[in-house]
Amino acid sequence: MDKLKIKGLIKHLSRLNYRNMYENDFFLTWEKTDDEIAAVLAVADILRGLREANLSTRFFDSGLGVSLFRDNSTRTRFSFVSACNLLGLTVQDLDEGKSQIAHGETVRETANMISFMADVIGIRDDMYIGKGNAYMRAVAQSVLEGYRDGVLEQRPTLVNLQCDLDHPTQTMADMLHIINTFGGVDKLRGKKIAMTWAYSPSYGKPLSVPQGIIGLMTRFGLEVALAHPEGYEVMPEVEEVARKNAEVSGGRFTKSNSMEEAFQGADIVYPKSWAPFAAMEKRTKLYGEGDEAGIRALERELLKQNAEHKDWQATENLMLKTNRKTAFGEALYMHCLPADITGVSCQEGEVAAAVFDRHRVAMYKEASYKPYIIAAMMLLAKFRNPADKLAERLDCGRPRVR
Amino acid sequence: MDKLKIKGLIKHLSRLNYRNMYENDFFLTWEKTDDEIAAVLAVADILRGLREANLSTRFFDSGLGVSLFRDNSTRTRFSFVSACNLLGLTVQDLDEGKSQIAHGETVRETANMISFMADVIGIRDDMYIGKGNAYMRAVAQSVLEGYRDGVLEQRPTLVNLQCDLDHPTQTMADMLHIINTFGGVDKLRGKKIAMTWAYSPSYGKPLSVPQGIIGLMTRFGLEVALAHPEGYEVMPEVEEVARKNAEVSGGRFTKSNSMEEAFQGADIVYPKSWAPFAAMEKRTKLYGEGDEAGIRALERELLKQNAEHKDWQATENLMLKTNRKTAFGEALYMHCLPADITGVSCQEGEVAAAVFDRHRVAMYKEASYKPYIIAAMMLLAKFRNPADKLAERLDCGRPRVR
Amino acid sequence: MDKLKIKGLIKHLSRLNYRNMYENDFFLTWEKTDDEIAAVLAVADILRGLREANLSTRFFDSGLGVSLFRDNSTRTRFSFVSACNLLGLTVQDLDEGKSQIAHGETVRETANMISFMADVIGIRDDMYIGKGNAYMRAVAQSVLEGYRDGVLEQRPTLVNLQCDLDHPTQTMADMLHIINTFGGVDKLRGKKIAMTWAYSPSYGKPLSVPQGIIGLMTRFGLEVALAHPEGYEVMPEVEEVARKNAEVSGGRFTKSNSMEEAFQGADIVYPKSWAPFAAMEKRTKLYGEGDEAGIRALERELLKQNAEHKDWQATENLMLKTNRKTAFGEALYMHCLPADITGVSCQEGEVAAAVFDRHRVAMYKEASYKPYIIAAMMLLAKFRNPADKLAERLDCGRPRVR
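Residue numbers (the working numbering), protein chains in the order written: chain G, 1 to 402; chain H, 1001 to 1402; chain B, 2001 to 2402.
Honestly, I wouldn't trust all of these hints.
[To be verified] Which bits of chain B does chain G cover? Going by a derived footprint, with three or more residues having C-beta under 8 Å, they are:
1) 2055-2062
2) 2083-2095
3) 2149-2159
[Unchecked claim] With a Cα cut of at most 35 Å, we get these calculated DSBU-like pairs of lysine-lysine:
4) Lys-1131(H) x Lys-2003(B)
5) Lys-2205(B) x Lys-2321(B)
6) Lys-2255(B) x Lys-2205(B)
7) Lys-1011(H) x Lys-1131(H)
8) Lys-255(G) x Lys-389(G)
9) Lys-1365(H) x Lys-131(G)
10) Lys-1389(H) x Lys-2244(B)
11) Lys-1304(H) x Lys-1285(H)
12) Lys-1003(H) x Lys-389(G)
13) Lys-1389(H) x Lys-2005(B)
14) Lys-2285(B) x Lys-2321(B)
15) Lys-2244(B) x Lys-2205(B)
16) Lys-7(G) x Lys-365(G)
17) Lys-389(G) x Lys-1285(H)
18) Lys-3(G) x Lys-2321(B)
19) Lys-1389(H) x Lys-2321(B)
20) Lys-1285(H) x Lys-1365(H)
21) Lys-1205(H) x Lys-131(G)
22) Lys-1007(H) x Lys-389(G)
23) Lys-1131(H) x Lys-2365(B)
24) Lys-1389(H) x Lys-389(G)
25) Lys-1365(H) x Lys-1131(H)
26) Lys-2003(B) x Lys-365(G)
27) Lys-7(G) x Lys-2255(B)
28) Lys-2389(B) x Lys-389(G)
29) Lys-2365(B) x Lys-2003(B)
30) Lys-2389(B) x Lys-5(G)
31) Lys-389(G) x Lys-1282(H)
32) Lys-2389(B) x Lys-365(G)
33) Lys-1389(H) x Lys-1255(H)
34) Lys-2131(B) x Lys-205(G)
35) Lys-1389(H) x Lys-2389(B)
36) Lys-1389(H) x Lys-2003(B)
[What the hints assert, rightly or not] Some residues of chain B that are not near chain G, with every Cβ distance over 10 Å (derived):
37) Ser-2014
38) Val-2066
39) Thr-2110
40) Asp-2119
Keep in mind that the hints were calculated from the coordinates and are not lab data.
All C-beta atoms, glycine included, are put in the ideal place defined by N, C-alpha and C.
Bound conformation, chain G alone (with noise of 0.2 Å):
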């Protein structure tokens, strides 16, 4: 990316309205204004070209990223780790296996002890349907009022960094790896995506991806199908914002239960496992109960049934109903990683080998993305005038390897 490039990204960021954004929390991208949005695309880019321009931006000479995963994790450990380093914070991660958080500590305790010197904190949360959101809104609402009663001495921005609703780092990172593709934002109006469900022979991944994918693209005029097979439907409120979404962008946002259908003339395919709703309500239920019985019963159920969908694979015979005049030839294929490609992670999976093998770099790229989006969304909450202090590192930053 050339400096006048990035010249051109400020200046369209100095026109956006993010001002909400300051000093405030990224929860959902349907949160967020069309505005706030473009401003966190414009951001993560202009941040990419300037660490490709080797100017630190580094904005931060102390501060701590506090980081609270409650599942496994490696790219969104790194990215936001990759992110809070960009822009000069220390990660401290809050393993709740060494804290004494057992002892019965509140949700409000927690999160003020540990955020005396937090500029963010990243949450991942994304096992149990009505919770992770929640814990979320919690903590932020905590540390708020630690802020306002002067126990801290700032008030740490809180990132979401996956929930049982939204996955908005990786959905955003996805929008910029498609518009960075399609060369442009203007060029994705009337384009379809396939957003579907895959058979995986694994049990109870999260529904945040296919909910923030629906979230997210029907905001940019795009033909976004929702295909998966009965009984993996997905909240119901989120599809109603998809929904809303399309009618205000000129977009469309369809459903069905077939996979062939969704991909037809699709120039982008997103084919991805999810387990059902309903089903992560009741496990959500069970483990509430400590019923480990009825945890076990429901996972060979839930299996079960997703053997009876080996069909819904991304394979090449499938690839030949997508767009066959995009510039790759077919479909734009989209994961966000890792996923089970048959014959290579898994026997039967969501992806055929060669299908997988032809996107992977696109697909490497599509993931470096998110530690940009993850810093934008900081920057844009901790910097009252984020274009100001980005043209500065433009004009007249230092270089990061000196």
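Got chain G sorted already, so can you dock chains H and B onto it with the hints?
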């Protein structure tokens, strides 16, 4: 805090004699002179003031703070990380589970091997009577020798993050909270603080807080009333410290077996559970012998002993006995957190929920001083002329968030 | 080290040809030219000199050093963290237990996913013959491709923190210790080093140290005497490297089955336990097959085999056989630590307590070079003109502690 106040604190600091703290460790408050204690409190306040003014106090361009926690820890871990971050040090935790230390390596060797670039070592080791503080001194002695022998290029400073004898970073934070709450150290003379045992349904809490409190607070002309059921004595040598302190400072140190007596007219109350010293000694012996059955028997016995004193709880009725003429209409309630709150974190505990709730914000502020206290201890150990360094930052420092 | 000496080292460095190290990895010392080895040693000494002079060598304003330890580690972990910190990189550890790697993700994918902002990747993987080094190369190749494909904005450098073949950061630190102890690389010609097996009551120690030592030390005109009991052979290809090195350098490489013969007249002794190569191969196979019973049987067998050679111990008597005319009145005793010390960390082990104790400080110094060696490897890989960069810091750098 305005700049004038910070300037005043720096002036006050520059008049104190703390030269022996340079290139030294912080084990126990009662090994430090009054001027040294005053210097820690002053530097902590100054660091907080500078941070509030968005002035960077990053004094290290690189360097490590090594931490070793031999017990689960959230707030002390985050406080240590925050303190290091504030000064520019990166924390590397020595996780004994992931190390080769089990091979039978000596303390001297491990201490040197982790310290090649360590400016500070923070240790929490509070579980066994006669062990924690001794271990810290062995580590400090080892790295001092390593430094003198030319193995290490700098002398790592040891900071006691809680041992079997004292919990200096906690009690100094408590002290700063009291001073700032009552409007200055000169307002404390004649005030009464009740350091009392309280019932908890848990087992084996360290004695370091009550010991640290009576060992420190008696230096400020306060009346320190220690109260606990029979059999819950603290270490006699620390009581002796408290008695002598009180004599010198013109304060008082009293002991009783009545919570009510201690609370009577108190300006500050600090009700907190701890294990009897004799039981802790016995436990240390049983662990040494690997006597698992003996340990379990001791635990049952202790919980039963605790349960005989469920009336040792900070109830509304007891709070009515305290000094009603303070700014809050009763005594300042303090706790090192997390507390056992009746009906919240346990059925019956150290404090009634209403009492805890009323003082919650104040307690969070109490806790918020700890990172600054730890950073102050480090700064005084690493710089010959901290007052000048701090003045520089106030007058022409660069911003923390730029 | 005075500034004049540092200046001299920089001048020496600027005359060496190390341009192939730029944007390259460090797998094995025997893949590097003599000039490249000399450059690492020089940069390590310079970095140490600058740090002693309180001059910052923070060359990175932001950036990550990713570490992966597939075996418990204290000193290598701290050395890597120290090296990264010295240059300004933040370490993020890839804890395979907390990641999603178990899902069956490929090496290529993981390598890219953790490297979006990684300037360096350090790996320790020494447990299985034929695996560790191969894994490192796979990772390095993956991120090189990621860089070329535009997935990564920088090429992460791989540093071998110990593999099945070599332990270059250890042996280079050992080498620098020898050079500085004997007063210069030119003083080593004709000196004898005994790299011998020694008895240990433990099982399965890697071969990387003896192999690394004979592969490196034979380049300096030293006589390298490898000795071990029958059945404890190291890998034949590394012996071949040693033989060729000795030929080229005018040194010697000898083999025997007698510790006494190796110690005879030696200026340096390095007695250390390792597992027989053949047994390690067998173990690798058993692990591959998941044959737990086979592994336990092999372990018993190996411990029994070890126990037949308890006389392979660095005793006072054996030390008397070494060159008594050195500055210390006997050979310089070396160990990579931790050692199995008779009567200290085990009943019978690699070395007598008195011998170990007499050389303890020297061994700690030996270890203290490792962070600088690692940092030197990084610097030479990340900068085209390290001599200029280092000269800048010497002449007008800012202090590390300000």
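Inset, instruction - Determine which of the earlier numbered hints do not hold for this structure and return their numbers in increasing order. - result: 4, 7, 8, 10, 14, 17, 18, 19, 20, 26, 27, 31, 33, 38, 39, 40
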